[in-house]
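Peer 1: Below are the chains, spelled out letter by letter.
6 protein chains.
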Amino acid sequence: MEFSSKKIRDLAVGDRVDCYFIIKRVDLKTTNSNDKKYLDFIFGDKTGEISGKLWEVPQDIETYFTEGDLVKVRGTVTSYMNNNQFKVDRIRKASEEDGVIPEDFVESAPLKNTDMLRDIEGYLQRIADQDIHQVVRMALEEKKDKLMFYPAAKRNHHAIRSGLLYHVLTMLKLGDQISKVYPAVNTDLLFAGIILHDLEKINEMDSSELGIVKEYTLEGNLLGHISLGVKNVDRICDRLNTPEEKRMLLQHMILSHHYEPEYGSPVKPMFLEAELLHHIDMIDARVFDFTLAVRDLEPGGISENIFSLDRRRIYKPTF
Amino acid sequence: MEFSSKKIRDLAVGDRVDCYFIIKRVDLKTTNSNDKKYLDFIFGDKTGEISGKLWEVPQDIETYFTEGDLVKVRGTVTSYMNNNQFKVDRIRKASEEDGVIPEDFVESAPLKNTDMLRDIEGYLQRIADQDIHQVVRMALEEKKDKLMFYPAAKRNHHAIRSGLLYHVLTMLKLGDQISKVYPAVNTDLLFAGIILHDLEKINEMDSSELGIVKEYTLEGNLLGHISLGVKNVDRICDRLNTPEEKRMLLQHMILSHHYEPEYGSPVKPMFLEAELLHHIDMIDARVFDFTLAVRDLEPGGISENIFSLDRRRIYKPTF
Amino acid sequence: MEFSSKKIRDLAVGDRVDCYFIIKRVDLKTTNSNDKKYLDFIFGDKTGEISGKLWEVPQDIETYFTEGDLVKVRGTVTSYMNNNQFKVDRIRKASEEDGVIPEDFVESAPLKNTDMLRDIEGYLQRIADQDIHQVVRMALEEKKDKLMFYPAAKRNHHAIRSGLLYHVLTMLKLGDQISKVYPAVNTDLLFAGIILHDLEKINEMDSSELGIVKEYTLEGNLLGHISLGVKNVDRICDRLNTPEEKRMLLQHMILSHHYEPEYGSPVKPMFLEAELLHHIDMIDARVFDFTLAVRDLEPGGISENIFSLDRRRIYKPTF
Amino acid sequence: MEFSSKKIRDLAVGDRVDCYFIIKRVDLKTTNSNDKKYLDFIFGDKTGEISGKLWEVPQDIETYFTEGDLVKVRGTVTSYMNNNQFKVDRIRKASEEDGVIPEDFVESAPLKNTDMLRDIEGYLQRIADQDIHQVVRMALEEKKDKLMFYPAAKRNHHAIRSGLLYHVLTMLKLGDQISKVYPAVNTDLLFAGIILHDLEKINEMDSSELGIVKEYTLEGNLLGHISLGVKNVDRICDRLNTPEEKRMLLQHMILSHHYEPEYGSPVKPMFLEAELLHHIDMIDARVFDFTLAVRDLEPGGISENIFSLDRRRIYKPTF
Amino acid sequence: MEFSSKKIRDLAVGDRVDCYFIIKRVDLKTTNSNDKKYLDFIFGDKTGEISGKLWEVPQDIETYFTEGDLVKVRGTVTSYMNNNQFKVDRIRKASEEDGVIPEDFVESAPLKNTDMLRDIEGYLQRIADQDIHQVVRMALEEKKDKLMFYPAAKRNHHAIRSGLLYHVLTMLKLGDQISKVYPAVNTDLLFAGIILHDLEKINEMDSSELGIVKEYTLEGNLLGHISLGVKNVDRICDRLNTPEEKRMLLQHMILSHHYEPEYGSPVKPMFLEAELLHHIDMIDARVFDFTLAVRDLEPGGISENIFSLDRRRIYKPTF
Amino acid sequence: MEFSSKKIRDLAVGDRVDCYFIIKRVDLKTTNSNDKKYLDFIFGDKTGEISGKLWEVPQDIETYFTEGDLVKVRGTVTSYMNNNQFKVDRIRKASEEDGVIPEDFVESAPLKNTDMLRDIEGYLQRIADQDIHQVVRMALEEKKDKLMFYPAAKRNHHAIRSGLLYHVLTMLKLGDQISKVYPAVNTDLLFAGIILHDLEKINEMDSSELGIVKEYTLEGNLLGHISLGVKNVDRICDRLNTPEEKRMLLQHMILSHHYEPEYGSPVKPMFLEAELLHHIDMIDARVFDFTLAVRDLEPGGISENIFSLDRRRIYKPTF
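Protein chains in written order, with UniProt numbering: chain A, 1 to 319; chain B, 1 to 319; chain C, 1 to 319; chain D, 1 to 319; chain E, 1 to 319; chain F, 1 to 319.
The set of hints was computed from the structure by calculation and includes no laboratory data.
Treat the hints loosely; a few may be bogus.
Unchecked claim - Under the rule of at most 30 Å between Cα atoms (straight-line distance), these lysine-lysine pairs were calculated in the DSS-like manner:
#, chain 1, residue 1, chain 2, residue 2
1, A, Lys-37, C, Lys-29
2, B, Lys-143, B, Lys-7
3, E, Lys-53, C, Lys-87
4, C, Lys-180, B, Lys-180
5, F, Lys-268, A, Lys-112
6, E, Lys-72, E, Lys-154
7, C, Lys-316, A, Lys-146
8, E, Lys-180, D, Lys-143
9, F, Lys-72, F, Lys-53
10, C, Lys-53, E, Lys-37
11, F, Lys-268, E, Lys-154
The shape of chain A in the complex, shown without the other chains (with noise of 0.2 Å):
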């Protein structure tokens, strides 16, 4: 066959090829000049996205895609506006003879899900003072479900396939190294802080299994993931009975992790693992940008502005 297959981030104008893809988008329109129907796509796999378009949409099809199926699709890739543009030749649902499975065209966290939630549990049993303890171990196995799929964010850092759990998992470790530099820190505090401080953006957030995020639901926009884990700690906490000291301080490091009040802390760190936990978060998202935007350079290339890095150009050394 004269189609060979590629990945997206490997696909250039004129190039005629099969690929499975994931369904990201699809909507039905009508073009302009001529009031014909048309399906328009966006396509992902592993390593990013790209517009199609399918122009000849017999009747029985118009509504049998939808977001998440994989695919097969045969066509072109086409320059629209200067970004590639994929024109449909064929397209079909994939089956199990294809032997493909959606995992595998989403991008996912670097390690396995399972592993990464066995180490935060790990770091759960250090946790030593025993109210912050059931505390933190509460709200963990009430999310675990989730957490083994959900993405740090809809779109920036993290937002990919078990993100969440990732972006924990590499913060405790960073918790646990400053640690070791600075000895006065309780790591009691710093790791729950580390464990707690996103886990309500499951409830913020909409995600499919894939750790797609279609929305934002309704108490994450009216609320915000800040204020719906101070009310969490706090269920928990009446349930455990936790000295009100140990809740304050809790639901403090979630209250001002995010620093700024523009970027949603109404106070600022008051204590030091408060601070750290903030710092920490920090240093993991921009380690996660600053590692994808060097990602397709040449070494002594230089990316586009980044938007989620104040719209800095970021270089790739050549050593």
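Once you have looked at the hints, place chains B, C, D, E and F on chain A.
Peer 2: Coordinates of chains B, C, D, E and F only, in the frame set by chain A:
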């Protein structure tokens, strides 16, 4: 007797007077030049504050006076650093025979607190939605006793005895009037938001029964009255099984009522009643501060820069 | 006839309809691919706007249509860049026999303009101070004719026919209600400030009698309605020999009503009525924008980011 | 006589001197420790200011001295809070026989005011456009008398006798020179803008004939010199029937000359001469402040933080 | 021949013309609808830019044209998205016989570069301090060749051929004139600061000999022309053994000339000549931008919002 | 003897003690009331500072004491403006027999400076890239002597003897630990950036061997340690012929390490190690300030507003 009695606002340099004052602060200090001990006071009455010094301190009274004491003092008004100061010749605690009560020497809301509470309960009656009604009723019931005397702030607007009660009542009147202009306003939500928005100031600050706040509480410092308010509504709604949407809307009103992130609101109002709550809160605070700013001015006079009003100077028209 | 008639808000992709529209904008253009001329329209009715294309343009009608024309069009609704678009098959100007009038095809204030003016004059009657009364009466008299149809803005809040009149009247009602809560408010000053504050928008913008603004005027660009308002009051007070203090207070209210320097106010309010004027203006603008934001939402729905509301998304409660 | 005479800038702790000073401020106060009255002065001469105390105050002179008095004082220079202070032994008003005049004891512009006015009128002659010429002539004529002594500010740049005149003249020279580099500049507009831009400071502040400003006027507080300037040009243009465009451009230059909204300009410059006016104003203010900042420094020295220069420290080169 | 020739600024929709253009950008693209290749150009001449399309692309010319080529094109002016566009019918590279040179098709400074350099060297001669003179001479000598054609920016002010040379010369003229008003200005420092302040833009940006900048260099991105300028002066002063203070003052002028930290200056001007350098730089940039903004306006016309002028609209007076 | 000896932190009003102090500042002043001379001291020891007064000053000791002297003083602790003050009865310089050394009376880093330097050199050994290694070695070698005692700041974090050394070492430890979590980090670059980033503080500030900074140097004021650092690396790389890219990356790390323009960084980090350098710097500064803030608090206590921590109050948990 040669000594007259005056209100603090009327004292002038050179006056020699007998007055009753509340002690708002008292410290034992030592003079710089000759190591003599003296008592350093801040005295107050309904009309203002004045600092005072007692230069000869018999050892047995070094710790005799304390904040909140109502005292009778005799002395002279001097000037120090361009401010009036009170040089104390004699001082004693007021006794029953003096026929004075502390409440008459602190600034209070212009309405009787029992009347104000009754009026607020009248507005509560008008909340027709039974879910919302129950939440507000329980919240109000729990705070009722302290609400009788709490100020609305440590300083700035409504920092007077029963100031919080007065602020809430006036806001309810405003909300009622504004709703007549815009019939689409849901007064159930608006009245609820007004009653609930600042209730947790009672846990944020530590006030004496005279409405004088010495300190913020630890939870006030670590969490702030806005987050405390969200938690409080959560706890009550858990008990009452309030439907999810109503719970969220009540919490959103509390969360967004300061409007700007740098004033403590992590989200901005997302429905009309939350938006109105913010403006009503602002108007009532500003009317209070403008009224205070011109209280002692002659018509045609202009105030000094007022800190709480963005350092503006306020003008009192002649007509 | 197979073609039905619909309001713009109700049009759906694929609809084939006969409608009356107002032409809000029309340009003769040439297509990119084959140099053919076409007419590019923005059509409007009471419910919204839609862009339209006429692809075959006989030479004699190239300049036949103009903004403000009421036309009858037949055509199909298509989709372009995710927005509805109207492909025109036939178009002609409406004639008397059609029995339609332009006023029915532009969005207007919900009250009759003659009624609104009469009500505003009622508030004018309540200004007891004769100096202030005369200034406001003359200012209103001079602008009365244009006030009948002017919008309050080119876009954003109250950008509708007679929107300025409606904005002023609603603010007067608000001012009246708020003054009942604070008896110290001088309603002479407040009502005067409300009626005068935006009057010079009539000279700042150039509006057709349908309330559609194409452009700011030169003096609008160079000086702005606030400075024009100060000058206008100056001119009137010169003629009426208004006492100096009253003149200054009226001018100060105009000057400070946007409150923030970056929104055009070089001074901040320095007396109570100027402060209230600002808040009343804000409330009425916000109520308008919130109402608009939820107008087409289902209960429980949430809007897109609204530009004029700091890019907030607005929620419509289900109850 | 053992007492020498010195200028304020040259006084050192321990000096015992006979000097003539201007009284810039005087208050009758009472000492903190023993209720004794004393007079608290701020004295000034051409070289600076020093606070002074007269500890023994015969009753008949308690109100004898007033601001602006030229006095002869004998006393000692002491140090208080790291600043020099003048302990007065003797003080009397200067009489004719002393042969001193107040003007010699206040800081004044370095040029004679009559010469400066004559030079400004020379620039006025160069405004060829008769409409603009007439407006500027009338505005200048009306303010001429006060312009002879007014400072340009209460404090900060050009806060000296005849400082406003000096500021305007230097700006005209600058405008003239800059226009030689850019021949397209319309010097009629630029010279007019320079002469008019600050004229209403004369109504904004209340200055004695010595160029000392005690207070802003009410219209200065409520409207500010920029709005006063716009009104003033309006009034003059009404009388002269100035064509509309020229009136607007003159008013726009006044309105925009502070450039930033937070410094009082509601619009930014919209034509070249308005833009240049702003920069010329800035340059002249900055040259004045830099010159003052290094006046008393040794070469190679660095100043304290200068408030009017964004708290910068200014360096004086050695060459 | 039926085809006339026009400048880009004069082209109107429907024109059919033969023109010489410079190619400012060229990309091979594929159409969206039918996968056909086309060439997408940006053409330029002294009067502006226009995008162009060549729809039929013989395979042998797909990569034949490149940026900076001077070409002869025949085609039609169409309209796309409200902008003119050029539909190319024929295109070929210009040859010697055409008698045209690239320099005539890019916008250049209005003075001859050799004349400008000579004038700058004249100012250099006037730097009397031999230490400073030597530094500036060496810096100028090293950059002379590139200075002949470099623009002062990639876009915004002075983004034209020889724009940097022109900017520096005009600033020197300004500095000279301003110094006549303030005799205390050290023109040695000021002239040196002006010549040095932007020289390292030559290493910050990569410009063709036509003055067209495609990219910032790596050191331009990582360090910026201000830090490069400080380093450059350091290197030269090392070689010349320049006294320490002079070296620091020259470096301080470069470092502080953008004034605001957010525009790249880590320190603010700390002596008069550094302060003046900033204002002179601003004035010359603004005069350039204002002049450009009104160049194509009719008298009495007003521009669109100009990005480089804080989005202001600029007015062109009628007189 | 009746006089005990105490550390400054332990002094209470009324204490009569014999102590050794370091003189941190001394001025000869004259009293306000009676022109008597006195010596005004700031004394310090390892635990804090206290101001002191010697009221009777024999003429021969007026200039006898100087900053940095270690003295023995006898006197009484009084209170002035709510701060403790030391009334000196006797004072003499400490002599050898006293058996005390200045180093014991200034606050120093908690590790021995020779140990710290050795550890830093250990990290230096781990920089494998020989170009980078050589640059860092030379820079460190040149500053080694002063690094032994320099503080990292005039005030704020690490403003203690050998504070700079301590700050650098702790950052290296942090960088080492963080790199273990992110294996992609180039520790050659990161360690180099950490060692170099603040080295030029040694030329920015003028410190005594006790680590007390009186003043910023002229080059510190005019250029700042960031620009000095860039120049320093430039000079060393010139000598060592360091490849261009490595030179630029080292300079970029210095230039960007304060991150925000308003804190002195004209560019933001453009590669991962520069980004990490900033966060590591922040963490170490914050840990220092938090530790200091709670040092004297009881568990459960809350500090005053800490200036260097954005005026936050810091809480010390009870567990």
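Peer 1: Now tell me if each hint is right for this structure.
Peer 2: Going down the list of hints, with the structure as the test:
The suggested pairing of Lys-37 of chain A with Lys-29 of chain C holds, with an alpha-carbon distance near 25 Å, which does not exceed 30 Å. Note on Lys-143 of chain B and Lys-7 of chain B: the hinted pairing is violated, with a Cα-Cα distance of about 34 Å set against a maximum of 30 Å. In summary, the hint linking Lys-53 of chain E to Lys-87 of chain C is supported, as the alpha carbons are separated by about 26 Å, within the 30 Å threshold. For the hint pairing Lys-180 of chain C with Lys-180 of chain B, the CA-to-CA distance comes to about 12 Å; that is within 30 Å, so the pair holds.
Taken as a hint, the Lys-268 of chain F and Lys-112 of chain A pair is broken in the structure, with Cα atoms around 34 Å apart against an allowance of 30 Å. A threshold of 30 Å between alpha carbons decides the hint, and for Lys-72 of chain E with Lys-154 of chain E the separation of about 26 Å falls inside it, so the pair holds. Between Lys-316 of chain C and Lys-146 of chain A the CA atoms are separated by roughly 29 Å; this keeps the pair inside 30 Å, and the hint holds. Between Lys-180 of chain E and Lys-143 of chain D, the direct Cα distance comes to roughly 29 Å. Compliance with the 30 Å bound is thereby established for this hinted pair.
In summary, the hint linking Lys-72 of chain F to Lys-53 of chain F is supported, as the alpha carbons are separated by about 14 Å, within the 30 Å threshold. For a cut-off of 30 Å, the pair hint linking Lys-53 of chain C to Lys-37 of chain E stands: about 28 Å separates their Cα positions. With a C-alpha separation of about 20 Å, the suggested pairing of Lys-268 of chain F with Lys-154 of chain E holds against the 30 Å cut-off.
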